[in-house]
Amino acid sequence: MMRYLATVLVCFGMLLLPVTVNSEPLRITIDEGIIEPMPFAVPDFEAENAAADAYATNIARVIAEDLSGTGLFRELPSSAFISQVTDFGAAIQYADWKAINAQALITGAVNVSGDTLNVKFRVYDVFSGAELGNGLQFAGTLNGWRRMAHKVADAVYSRITGEGGYFDSRVVFVSETGPKNDRKKRLAIMDYDGANAQFLTGSEAIVLAPRFSPTGDRVLYTSYESGFPRIYVLDVGGTQNSRALEQQEGTMSFAPRFAPDGQTVVYSLTQGGNTDIYTLNIASGGTTRLTNTPSIETAPSYSPDGSQIVFESDRSGTQQLYTMPASGGEARRISFGQGRYGTPVWSPRGDLVAFTKQNKGRFHIGVMRLDGSEERLLTASFLDEGPTWAPNGRVIMFTRETQGAGGVASLYSVDISGRNLKPVRTPEGGSDPSWSPLQN
Amino acid sequence: MRLITKATILVAALALAACTDPGRFGNGDGSGANGGAGAAGSASDPTSTAYFQQSVGDRVLFAVDQFNISPEYISVLDGQATWLTTNSDYIATIEGHADEQGTSAYNLALSARRANAVREYLISRGVSGNRLQVVSYGKERPIEVCSDEACYTKNRRAVTVLSSALTG
Amino acid sequence: MNNRLDTATYLSGAGHLGLIAWIVFGGLFTPEPLPFDVTQVSVMSGAEFAALQATSRTPQSTTEIALPETPEVSSDAPDTTSPPDEVSTQPVPDISGTPQPDVVPDIAPLAEVEPPELAPDQPAPPEDIAVLAPDVQEEAVPNPAERVAPEPVAEPDPETAIADVEQDAVTEAETGETAQETQEAQAPEEATTEIVTEATAAPARSIRPPSNRPSAPAPTPAAQPAPAEEPETSAQETESAVNAALAEALAGSSEPSAPSGPPMSAGERDSLRVAVSNCWNVGALSTEALRTTVVVAVRLAEDGKPLPGSVKLLNSSGGSDAAANQAFGAARRAIIRCGASGYDLPAEKYEQWREIEMTFNPEGMRLK
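Residue numbers (our numbering), protein chains in the order written: chain A, 1 to 440; chain B, 441 to 608; chain C, 609 to 976.
There is no bait here: all hints are sound.
Listed below are the simulated DSSO-like cross-link pairs for lysine-lysine, each with C-alpha atoms no more than 27 angstroms apart in a straight line:
{"id": "1", "chain 1": "A", "residue 1": "360", "chain 2": "B", "residue 2": "594"}
{"id": "2", "chain 1": "C", "residue 1": "913", "chain 2": "C", "residue 2": "957"}
{"id": "3", "chain 1": "C", "residue 1": "957", "chain 2": "C", "residue 2": "920"}
{"id": "4", "chain 1": "A", "residue 1": "184", "chain 2": "B", "residue 2": "594"}
None of these hints come from the bench; they were simulated from the model.
Please put together the full structure from these sequences, using the hints given.
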């Protein structure tokens with residue numbers, strides 16, 4: 001019986017064992033980290049046939065520049081590589097990449113067949129020793145090699161950061177040259193990184209504030225070619241034709257923007273010295289007046305869902321920002337700080353409004369939430385204005401003009417954290433940028 | 441006035457009309473439209489545009505952010521109104537401008553207010569409204585390029601630009 | 609026969625009751641953590657701690673400090689052979705502008721997300737504790753290697769700092785510099801945890817509307833809000849454990865077994881926390897991932913190195929699954945990178961830190 005008892009007791013003991021031996025893990029909270037560009041490596045892509053040689057190197061370069069240009073990544077130079085990647089299908093020697101602290105590794109291969117370029121790539125999370133997502137392959141024309149590189153970079157960026165990308169996009173802007181009192185302006189379009197720039201109009205008449213349509217196929221802009229500021233639509237997708245929108249005699253219209261449906265245009269119209277906001281249906285030509293006040297209302301911008309607009313008005317005595325239903329109605333003021341606010345632009349993510357602020361003789365590009373809270377200024381200079389959002393709502397491009405008789409205008413971009421402020425290359429001076437959506 | 445003088449003036453007016461450059465709106469030359477003013481159009485001729493520009497005064501300046509006519513320019517505008525009433529074969533385009541201290545669209549609207557203020561004053565002084573057009577350039581066409589108040593003052597202006605009614 | 613049955617039944621019943629009693633009431637008898645830990649933190653005020661930190665640390669170099677990684681000797685990471693036909697073909701549009709189908713990436717889930725365990729809620733400190741290191745104004749650098757790290761630097765006098773930076777910002781407007789200043793988390797109301805941009809260097813900062821930042825000084829990171837640790841029992845002591853367990857079960861008392869080694873000191877836990885923090889790079893995280901708190905479990909070998917296969921996501925809050933995956937990726941990288949040569953933890957307390965649960969809370973790091 002005692003043996004039986006002992007067995008029973010031991011069995012109970014064993015039952016209790018996991019409970020008592022269950023060790024509580026050590027618990028700590030990490031609430032501070034670092035913010036630094038993530039080191040990554042992009043070895044030259046493998047050229048699968050001789051014709052692909054140049055493309056393989058160039059595509060890898062564009063990918064590296066896209067990622068480094070965000071300020072979130074830092075490229076490790078190929079001179080630092082311990083092992084080389086010459087075969088896209090071969091296994092990765094993670095230890096070699098860990099040794100140089102490459103946290104992300106991008107490999108790829110390119111081949112050319114006839115007029116078609118095929119690009120494939122893989123991304124590796126080096127310190128986890130595994131591929132990040134699956135490989136992908138793109139096919140396109142030889143001329144579109146930069147776009148394919150941008151698409152690869154967008155995929156890599158998304159996988160690592162979780163944000164949408166923005167590299168396969170274009171910017172339409174005003175290209176300008178000449179002294180301030182005789183400035184020649186013309187419309188131009190380019191890749192977001194400054195490549196493939198081309199002019200869209202001549203410089204005989206002043207052109208201002210071009211704006212992309214939601215699908216990136218048309219551009220609205222203001223031109224003085226008729227002698228008065230008037231709104232035109234330019235087809236950048238194919239025909240390159242432009243036509244003027246209907247306008248009443250004796251009025252001036254400017255500051256146009258497309259609604260997300262691509263069919264309605266919101267703009268400012270000046271009549272009898274008074275400027276208000278109107279919408280125009282492109283197909284039917286019908287107009288609706290949204291504001292009717294003796295104050296200046298201008299620079300309207302739609303929310304991404306098209307239900308509201310944000311605009312600037314000086315009805316309170318100084319220029320401030322207001323939101324309003326897109327069909328008109330009660331305007332709600334959202335800016336309350338010191339100084340004047342203008343050129344509001346709704347972020348494509350719907351969460352923020354970017355704006356230009358003037359205070360104490362300085363200009364700033366800033367962002368705020370839609371109720372006006374959490375206002376943050378990202379830049380400060382003699383003259384910054386006219387922000388436009390990247391498709392992922394994380395980067396802003398704007399115009400910066402320098403002081404003095406020799407002042408010139410250029411395009412700059414900045415992350416919404418305020419970091420990574422840098423110029424955007426344009427053929428000559430540049431202003432009034434508008435960022436297209438991601439291209440299909 | 442002698443017949444020869446009237447005839448000369450008439451011929452000069454016709455000649456000047458032909459010289460109006462329609463592209464001037466595009467180039468925004470704010471200080472005068474006529475390309476080649478003949479001798480008869482010199483500043484000593486009270487019916488010439490040169491006289492208008494130099495003796496009557498073709499422009500009005502504004503304070504920062506303001507569009508009301510300051511008292512010192514009332515007499516200029518009175519002079520313009522008189523001249524226009526006298527020389528009824530001219531029409532005028534009032535160009536509004538702003539200095540660079542502001543955003544683009546707002547300055548367009550502000551300079552439109554300025555031009556309109558001048559227009560309304562001239563109308564109140566008897567000039568017919570359908571002879572007066574308004575266009576605004578915002579900060580696109582400064583005449584002074586420095587970034588100081590001395591230049592800004594001159595850029596904040598409304599300029600009355602004449603053109604012949606025959607071509608207008 | 610009946611007798612034995614009765615005895616066995618009584619014993620069984622007693623054993624079961626004892627077990628149940630121990631489970632139910634045993635928790636009441638766990639030892640309190642040494643009050644030494646808590647008291648030490650609460651006595652020192654936030655400002656004092658800040659001052660202490662400021663004087664004790666040296667300015668951070670601006671250049672990127674690459675962690676000297678020792679190459680892995682064993683291939684504990686399996687080599688991936690990647691057959692080419694895994695790649696999926698996606699059509700890419702001709703750039704002539706005809707409408708094209710969307711490129712749909714084929715992405716497998718990044719990591720297995722285990723069902724949330726009963727990890728006790730970590731009452732994360734509500735205050736913002738992120739502290740930034742200064743970045744000396746560099747000459748125009750195409751890829752600035754800015755590093756924002758927890759180690760603070762002696763806070764410059766606010767007046768002069770603002771004036772200096774403002775001047776720099778004006779002159780260097782063309783080169784597109786961004787300036788960064790050290791800010792202590794415990795400074796009152798000011799936007800201390802912000803990355804100081806070109807704009808915020810200028811007086812325009814003062815205009816910012818007040819945000820809901822609590823003004824009370826944050827408890828220093830040394831304060832561990834986690835509940836008292838249960839000292840671990842060594843697995844080798846099963847025999848004594850059985851005896852002890854039996855004693856508990858039968859007697860109904862519930863003293864847990866003796867821990868192996870003294871409890872982890874605040875300093876040791878802090879050194880681990882700081883070590884991981886130094887590799888926790890949130891710079892490349894989406895804004896949604898920066899709102900997502902993740903709890904990650906990891907097991908360490910006796911030399912302090914994390915076992916890569918043991919890094920698991922236990923729990924997440926504040927964001928979607930995708931954002932949690934991103935946040936988990938950053939956390940995993942942090943643990944593995946800084947643990948590559950082993951964390952500096954006392955060997956004699958191994959049982960206490962063999963398994964670790966880390967809560968990564970980016971609240972203090974995200975953009976406001």
